[in-house]
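Participant: Chain F is already provided as a structure; the job is to place chain U on it using the hints.
Chain residues, written in single-letter form:
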Amino acid sequence: DAGVTQSPTHLIKTRGQHVTLRCSPISGHKSVSWYQQVLGQGPQFIFQYYEKEERGRGNFPDRFSARQFPNYSSELNVNALLLGDSALYLCASSLSAPGEQFFGPGTRLTVL
Amino acid sequence: RKEVEQDPGPFNVPEGATVAFNCTYSNSASQSFFWYRQDCRKEPKLLMSVYSSGNEDGRFTAQLNRASQYISLLIRDSKLSDSATYLCVVNMNPSNTGKLIFGQGTTLQVKP
Numbered sequence: 099d100a101g102v103t104q105s106p107t108h109l110i111k112t113r114g115q116h117v118t119l120r121c122s123p124i125s126g127h128k129s130v131s132w133y134q135q136v137l138g139q140g141p142q143f144i145f146q147y148y149e150k151e152e153r154g155r156g157n158f159p160d161r162f163s164a165r166q167f168p169n170y171s172s173e174l175n176v177n178a179l180l181l182g183d184s185a186l187y188l189c190a191s192s193l194s195a196p197g198e199q200f201f202g203p204g205t206r207l208t209v210l
Numbered sequence: 023r024k025e026v027e028q029d030p031g032p033f034n035v036p037e038g039a040t041v042a043f044n045c046t047y048s049n050s051a052s053q054s055f056f057w058y059r060q061d062c063r064k065e066p067k068l069l070m071s072v073y074s075s076g077n078e079d080g081r082f083t084a085q086l087n088r089a090s091q092y093i094s095l096l097i098r099d100s101k102l103s104d105s106a107t108y109l110c111v112v113n114m115n116p117s118n119t120g121k122l123i124f125g126q127g128t129t130l131q132v133k134p
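So the protein sequences, as listed, match chains F and U.
Offset between the first sequence (1-based) and the working numbering: plus 98.
Offset between the second sequence (1-based) and the working numbering: plus 22.
In short, the hints are calculated from the structure, not lab data.
No experiment lies behind these values; they were computed from the predicted model shown.
Note that beta-carbon positions come from the ideal geometry of N, C-alpha and C, so glycine has one too.
There may be inaccurate statements among the hints.
[What the hints assert, rightly or not] Some but not every residue of chain U turned toward chain F, in silico, with C-beta under 7 Å:
{"#": "1", "residue": "K24"}
{"#": "2", "residue": "P36"}
{"#": "3", "residue": "A39"}
{"#": "4", "residue": "N44"}
{"#": "5", "residue": "E65"}
{"#": "6", "residue": "A89"}
{"#": "7", "residue": "L109"}
{"#": "8", "residue": "T119"}
{"#": "9", "residue": "F124"}
{"#": "10", "residue": "G127"}
Excised from the complex, chain F in its bound form:
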């Protein structure tokens, strides 16, 4: 069975640009969560979606937004990129909102 997939794997952007990251959950999983991981730190929670509704939001600015589609895939959008947005962006899926989460390989974003 396919695990969580994310695209693209790597991305280079410049300050002020916009980026869209994509995630497909494990088949049958209805919840998707997004995390940001900077070097040397654990992942930080950004959003969780369950059944297409936002169920949780972390301490990130409004430049960060996300949505979940009817097929349970998800997009994370970041506007007006800053150098500090450079990080590994991880998507995790779970059967239910509080269930065990399984991570995709991540998208490594570099902002120049």
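Facilitator: Relative to the frame of chain F, chain U by itself:
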């Protein structure tokens, strides 16, 4: 105070050694607890959930002390392949969400 605290290490141990990692969490309302393993530049992978009664999976034993808000992971008979960063993770689940709070991670290096 960080919500989840871990000693970042590194822990350098010889093959065959027993090593223990500890983790404390700040929110007494926390509901679920996990240990994830993360290899360099890879995604976190669920190692084991942590239950109140303690649980064991082969060479790995996890324990939870709710009174002290303390979680531990014991690795027996360390293998070279155990070298990784071990992330202590807490789901505070105040409103049935999957917001996982990660510790900084503890780095383990097993040497021949």
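Participant: Would you mind marking each hint as holding or not holding in the structure?
Facilitator: Now the hints, each set against the structure:
no. : hint : verdict
1   : K24  : violated, 10 Å
2   : P36  : violated, 26 Å
3   : A39  : violated, 25 Å
4   : N44  : violated, 15 Å
5   : E65  : holds, 4 Å
6   : A89  : violated, 23 Å
7   : L109 : holds, 5 Å
8   : T119 : holds, 4 Å
9   : F124 : holds, 3 Å
10  : G127 : holds, 5 Å
Hint compliance for this structure: hints 1, 2, 3, 4 and 6 are broken, all remaining hints hold.
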